[in-house]
Structures are given as structure tokens and as C-alpha cells.
Amino acid sequence: MAEVHHIHEQDPNAGAEQRKAIWKTFWILLVLTALEFLIAFTVPHGTLKVTIFIVMTIVKAFYIVGEFMHLKHETKSLIWSIIVPVIFVAWLILALLLEGNAIFEAIFK
Numbered sequence: 000m001a002e003v004h005h006i007h008e009q010d011p012n013a014g015a016e017q018r019k020a021i022w023k024t025f026w027i028l029l030v031l032t033a034l035e036f037l038i039a040f041t042v043p044h045g046t047l048k049v050t051i052f053i054v055m056t057i058v059k060a061f062y063i064v065g066e067f068m069h070l071k072h073e074t075k076s077l078i079w080s081i082i083v084p085v086i087f088v089a090w091l092i093l094a095l096l097l098e099g100n101a102i103f104e105a106i107f108k
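Numbering that gives the first Met the number 0 numbers the first residue of the sequence shown as 0 and each following residue consecutively.
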């Protein structure tokens, strides 16, 4: 009977760069989340607080998309083909909300 032996050698440094990137992302997101948590309990409620949360949420979202969905490593044309429609839709929603509020106030007040 023939014996079959398989020898598997694994480089201990394989994937070290990916692990480093994941830990870097973890720490950045942790700091941003801790900063959001700190702002939630220290800054009084108002437009400034809401604006800070919206900006930090967008920064975190773009960072997550860039790192974990590998968009950061894509060509610029693909990145712009995703970012431009998102910006347009966000602008459209904001414009509709502001215009709708102005019409509501003009009619009912």
C-alpha cells in the first residue's frame, strides 16, 4: 500500500499587510466612534451637534466602503461613478425637504 504524505508550509508573515490594514481601520473607526460618543454627552443639542454627527457618519461610511469594499483601490472613474449619484440623491432629498417645508409654511402659517 502506498503512503501519501502532504507537507504544508505556511509563511508566518503571509497576510501581515492585510492584518495591519484591518487593525488600522479598527483603530480609526474606534476613535471616531468614541469621539461621537463624547460629543453626544458634552455638546448641547442643536444644529451644530446634528451637523457634526452627519459629517462624522459620512466620513465613517466612506472609510468603511473604501477599506472593506475595496473601493479605495479602484480606478478613479469607478469611484466617481458611485460618488456623484450619491451626492446628487442627497442634494435632491435636502432640496425637496427644504422646498416642502417652505411650501408648508407658506400655505398653513
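In case anyone wonders, no lab produced these hints; they're calculated from the structure. Every residue gets a Cβ at the ideal spot worked out from N, C-alpha and C, and that includes glycine. Hints are not guaranteed to be accurate.
Cross-link-like lysine-lysine pairs, in silico, DSBU-like; alpha carbons within 35 Å at most [what the hints assert, rightly or not]: (1) Lys75 <-> Lys48; (2) Lys19 <-> Lys108; (3) Lys59 <-> Lys75; (4) Lys75 <-> Lys23; (5) Lys23 <-> Lys48; (6) Lys71 <-> Lys19; (7) Lys71 <-> Lys48; (8) Lys59 <-> Lys71; (9) Lys48 <-> Lys59; (10) Lys108 <-> Lys71; (11) Lys59 <-> Lys23.
FRET-style restraints, in silico, Cβ to Cβ [stated by the list, open to error]: (12) Gln17 <-> Ala39: 29 to 35 Å; (13) Phe25 <-> Val3: 47 to 53 Å; (14) Val83 <-> Thr46: 24 to 30 Å.
Checklist entry - Keeping to a limit of 35 Å between CA atoms, is the pair of lysine 23 and lysine 48 held or broken? => result holds, 27 Å
Checklist entry - Does the hinted range 24 to 30 Å hold for valine 83 and threonine 46 at CB? => result holds, 27 Å
Next on the checklist: Given the hinted pair lysine 48 and lysine 59, is their Cα-Cα distance within 35 Å?
Outcome noted: Between lysine 48 and lysine 59 the Cα gap is close to 16 Å, so the pair holds against 35 Å.
Checklist entry - Under the criterion that the straight-line Cα-Cα distance not exceed 35 Å, is the pair lysine 59, lysine 75 satisfied? => result Measuring from Cα to Cα gives roughly 20 Å; hence the hint holds.
Checklist entry - Are the Cα atoms of lysine 71 and lysine 19 separated by 35 Å or less? => result This hinted pair holds, its Cα atoms lying about 16 Å apart.
Checklist entry - Taking 35 Å as the top limit, are the C-alpha atoms of lysine 59 and lysine 23 close enough? => result holds, 13 Å
Next on the checklist: I want to verify a distance hint. Is the separation of the beta carbons of glutamine 17 and alanine 39 within 29 to 35 Å?
Outcome noted: The hinted range 29 to 35 Å holds for glutamine 17 and alanine 39, with Cβ atoms some 33 Å apart.
Checklist entry - Do the beta carbons of phenylalanine 25 and valine 3 sit within 47 to 53 Å of each other? => result violated, 42 Å
Checklist entry - Is the hinted pair lysine 71 and lysine 48 satisfied, with a Cα-Cα distance of at most 35 Å? => result holds, 29 Å
Checklist entry - Holds or violated: lysine 75 with lysine 23, Cα cutoff 35 Å? => result Roughly 23 Å between the alpha carbons, so the hint for lysine 75 and lysine 23 holds.
Item to check | Agreement of lysine 108 and lysine 71 with the hint, judged by alpha carbon distance not exceeding 35 Å | outcome: violated, 48 Å
Checklist entry - Holds or violated: are the alpha carbons of lysine 75 and lysine 48 at most 35 Å from each other? => result Holds: lysine 75 and lysine 48 sit about 33 Å apart, inside 35 Å.
Hint check: violations occur at hints 2, 10, 13; the rest are consistent with the structure.
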